[in-house]
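Asker: Residues per chain are reported as follows:
Protein chains: 2
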Amino acid sequence: MKILILSADGFEDMELFVPYYRFKEEGFDVDVASKKRQTIEGRHDYKIEANRSFDEINPEEYDMLFLPGGKAPSKVRKEDPALQIVKHFMDKNKPIVTICHGPQIMISAGVVHDRRMTCWPDVAKELKEAGATYEDIEVVVDGNIVSSRMPEDLPAFMQEVMKKAKVTV
Amino acid sequence: MKILILSADGFEDMELFVPYYRFKEEGFDVDVASKKRQTIEGRHDYKIEANRSFDEINPEEYDMLFLPGGKAPSKVRKEDPALQIVKHFMDKNKPIVTICHGPQIMISAGVVHDRRMTCWPDVAKELKEAGATYEDIEVVVDGNIVSSRMPEDLPAFMQEVMKKAKVTV
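Chains W and R, in that order, are what the protein sequence lines are.
Residue numbers for the first sequence, in the working numbering: 10 to 178.
Residue numbers for the second sequence, in the working numbering: 10 to 178.
A few of these clues could be false.
If several chains are the same, the list does not tell them apart, and a pair holds so long as it fits within one copy or across any two.
Calculated lysine-lysine pairs in the DSS-like style (CA-CA distance at most 27 Å, straight line) [stated by the list, open to error]:
hint: 1; residue 1: Lys137; residue 2: Lys45
hint: 2; residue 1: Lys172; residue 2: Lys101
hint: 3; residue 1: Lys134; residue 2: Lys33
hint: 4; residue 1: Lys11; residue 2: Lys137
hint: 5; residue 1: Lys56; residue 2: Lys33
hint: 6; residue 1: Lys101; residue 2: Lys56
hint: 7; residue 1: Lys45; residue 2: Lys134
hint: 8; residue 1: Lys175; residue 2: Lys33
hint: 9; residue 1: Lys33; residue 2: Lys11
hint: 10; residue 1: Lys45; residue 2: Lys175
hint: 11; residue 1: Lys84; residue 2: Lys172
No wet-lab data here; the hints were simulated from the structure.
Note that the coordinates shown come from a computational prediction; the quantities given were computed from them, not determined experimentally.
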């Protein structure tokens, strides 16, 4: 199982690190990509090394895409190479798991139409405008997409994410 | 599986929340105790509700004790009801899992003599002075005690913690 995380400065620290450490606990390979290879910093001052840049990613190499939240997705959604990665996962029906503001990247990639999803409350309006069916619950699973709203949803989110990971392996 | 966390203001946020959310993912019951029932705040501004006070805990009800790190253990170690809880777990040979500065609480409870453990580097000196054998590795398992050094050790720590939890269930 090889997992790709797309993020940037301003990520929501728990939303990135709780899944990141959980994946490592399970022995999965995890790469963190940002616009450039660089250290990125969360809203709560935790730091992580982005060991890949968006434009050097070959998405064929990865089994699952994880889009954490915070302020980072508003930067990631402006980067075409990141959007192309999202489209690859949708085209191949590979799992995309996302929380909080992460669905903004999927909206910009044009992949949420007719899908059931949740997100951070402030993102719900644009998610619905993009054609998704928004549900205000802790985790929504619709085909290859797993989505949650906020850090408090992480236990339910990780239950569903780990199911996807174990089916895919 | 019922798990008790002892902490206070100044906890290391990832060290408390990564295991906390992992326990919840697994469906375990988790109580957080502090000197009083109150909201406690980590060094990185995350908050959690301490839903129990030390002096109202009946340690017989719990299967595992978790002592996270940060600045909180320097407060917890001064509270005799907290030290009595630690002694109960040692007397009953029930799992105590701890990271970073958490072992300070065990030092004050007088339970580390002749045990193999690790901890945050700055705590190593007093751990050794208290009679423990200190090992500078990501996780040390010695009987009922699982210990780690820092947030980066969390994946290895949680692998061993979950083994203890699943044996105990």
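Asker: Which numbered hints does this structure break?
Answerer: 1, 3, 4, 6, 7, 10 and 11
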